[in-house]
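Asker: The chain contents come next:
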Amino acid sequence: MTENTSNWRQKILYKPETDDRSRMRAVANNLILHLHPTKVPAPALRWTYTWGLGGLSALTATLLVITGILLMFRYDASIERAYTSIQYMETQVLFGSFVRGLHHWSANLLVITAFLHMIRVFLTGGFKLGRGNNWLVGLFLLALVLAFNFTGYLLPWDQLAFWAITVGTSLLSYVPVVGTAVSNFLLGGPEVGQATLRNFYAIHVAVLPVLLALFMSYHFWKVRKDGGISQPIRDKNERVERLTTIPHLVQIEFAAAAVLITALTLWVIFVPAPLEALADPSHPPNPAKAAWYFMGLQELLLHMHPLAAMALPGIIVAGFILIPWLDKQDDNIGLYFRSRKGKQMALVGAIWALALIPVLVIADELWLDLPAMFPTWPTLISTGLLPLLLTLAALIAIYLIFREFGHANPSEALVGLFIFLIVSFILLTIVGIFFRGANMALVWPV
Amino acid sequence: MTTKNTSQPVTRRDFLKLGIGALSALALLEVGGASLIFLQPRSLEGEFGGMVTAGLVDSFPIGSVVEFTNGRFYLVRSHDGGFLAVYRRCTHLGCTVEWEAQENRFFCPCHASSFDLVGNVENTPAPRALDTFPITIDAGQIIVDTGTIQTRDAFAPDQLVYA
Ligand code: HEM
Ligand code: FES
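Taken in order, these protein sequences are the chains called A and B. With the first letter of the first sequence counted as 1, position 311 gets the number 311 in my numbering; the numbers rise by one all the way through. With the first letter of the second sequence counted as 1, position 114 gets the number 1114 in my numbering; the numbers rise by one all the way through.
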């Protein structure tokens, strides 16, 4: 195929090489391609190992930068004009709706791919054998992605934007001592207003992109520095086939990128980005919901004191940060779920979450009334500390049960606990998206 | 344990190193501080945050609730004739509460907290009564200072202002 390549392509782009040696040199000498090693072990290319999730995240991030820059030319970050500038884009500007839709849906997609990528890295032990630092960088990237979405969410200045940000930032005021000051600083005043829109815009289009570019570059560099992506430890005399990056890896990447871009484009054509009514500070919509990826947290808020609803995810995130130090067993790297036992623990963890979470949500809605059960206690304790401690105790109990009765080693027991947490979070998110109606009461989705 | 000879004189190199380090730290602090001051919360535009003249005492009937949209408060006249300026921001997570006259309560649509006429919590999750603004009455005119938010756990009679 490459033999027939036309002349101009040879001159302008690169000379398609046909022998392995020059193909490897082509990778090493090209700015973009040099992020890759010149050769990769064949099993690392298996689609079902990485699911291409890191690469797809990177591609989505690139799409976001391109569409974001285009949007900046048309958007106006003032509360008088932001909404109309978006409306104008949606109705008058040729391709306006398309560019906005691409940005909106790519942002949503990136939350999903980065989240799934984290799950895949955990499940294959991708944080082991010196990869702990990159796990931390990855978590920071995920936090950046969420921060991008949180700040970007405000910019259209519609009802959804205004109230989601109002509720989200009000959480801060529960943090003792510094909370209110931090919230005032972020909002540029006591309420969401013009200063907030300015602040969030600057953070969204300048601060976060710079951080993302820096940390993504470091992330990729580190993957290579750590000897490529994680692989199972093999026998000294077992020979693994190593393939050249061109064409084997590059071909896969192009195919994945083409599929993603096509699917995304079709989606955007048929489902334009939503835009609600203009923000009205006197009248919140009912129900006033957060963006879908924050609805798991929103659901927690309906069951716990705001401080507990922040502390619980905070403690779990701290646990995620510590994972490379909690699971120090390196010999099971590169194996999904660590082992057969790990797979069993994951299954049990998932089933427990599926059984427990719906029951708890319904029980709290219908019967449990903690402030009424302990009328003399302050709510900070009855709906805060008490459920927080109970939840943490349950998590520790689950781990210990896996260890004692499941006969799992720490590495395998953590897999079970991790899956329990992830499934619980997804279930809470589903409840928040589909099962919460007016006044945030439980409803059956219609 | 490392033993350190403290009597050793500071060499010129050490002194310069220390000096440059300290000065750099100071410069960094200054830049950081300047940035923080630069980014400080701006003063609010419009009426909110200023003095709002609500009207004459006699124009508010007993037990009435009147909304001041720009001032972001409800002027409540309690059953014994006292005034209370209730900030409309829900103490749970900041949504705007609405006065529901038929139900005789303030209701928050975000997580269904409700409050009675004087702002006391009737229904959680709101953790405390609605905030208020100070009221002064001058020559029969009610003046509300929306720049000062007063927080409270619950209503107490001494919060009412009488003409
Ligand atoms: C903006 C978001 C992110 C991008 C663009 C990104 C990109 C990538 C890419 C391209 C790889 C190579 C392997 C693969 O494709 O799976 C990778 C590997 C890795 N990522 Fe990410 N990533 C992101 C977020 C994260 C997150 C949220 C985590 C976890 C907390 C993480 C942790 C890691 C680790 C530890 C590796 C090495 C995995 C191994 O050796 O198996 N990254 N990332
Ligand atoms: S913000 Fe009013 S009840 Fe939550």
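Be careful, since some hints might not be right.
[Unchecked claim] With the Cβ distance kept under 8 Å, some of the chain B side facing chain A (calculated, not the full set):
#	residue
1	Gln1008
2	Thr1011
3	Phe1015
4	Pro1041
5	Gly1063
6	Val1066
7	Gly1094
8	Thr1096
9	Ala1112
10	Asn1123
11	Pro1127
Because the hints were derived from the structure by calculation, they are not lab data. Just so you know, even glycine gets a beta-carbon here, dropped at the ideal spot from N, CA and C.
Asker: Taking the hints in turn, state whether each one holds.
Answerer: To see whether the hints hold, each was checked on the structure:
Checking Gln1008 of chain B against chain A by beta carbon gives a least distance of about 38 Å; that is not within 8 Å, so the hint is violated. For Thr1011 of chain B, the interface hint is violated, since its Cβ never comes within 8 Å of a Cβ in chain A; the closest pair sits about 36 Å apart. Proximity of Phe1015 of chain B to chain A is violated relative to the hint, the smallest CB-CB distance being about 35 Å (cut-off 8 Å). Here the hint on Pro1041 of chain B is kept, as its CB sits about 5 Å from the closest CB of chain A, short of 8 Å.
Nearest Cβ of chain A to the Cβ of Gly1063 of chain B: about 23 Å, over the 8 Å cut. The hint is violated. Using the Cβ-Cβ criterion of 8 Å, the hint placing Val1066 of chain B at the interface with chain A is not satisfied: the shortest such distance is roughly 14 Å. Interface restraint check: Gly1094 of chain B against chain A, minimum CB-CB distance 4 Å, threshold 8 Å, status holds. Interface hint at Thr1096 of chain B: satisfied, since its Cβ lies 6 Å from the closest Cβ of chain A, which is below the 8 Å cut-off.
The closest approach between the C-beta of Ala1112 of chain B and any C-beta of chain A is roughly 4 Å, which is under the 8 Å cut-off, so the hint is satisfied. For Asn1123 of chain B, the interface hint is violated, since its Cβ never comes within 8 Å of a Cβ in chain A; the closest pair sits about 10 Å apart. Taking 8 Å as the C-beta cut-off, the interface hint given for Pro1127 of chain B holds, the closest approach to chain A being about 6 Å.
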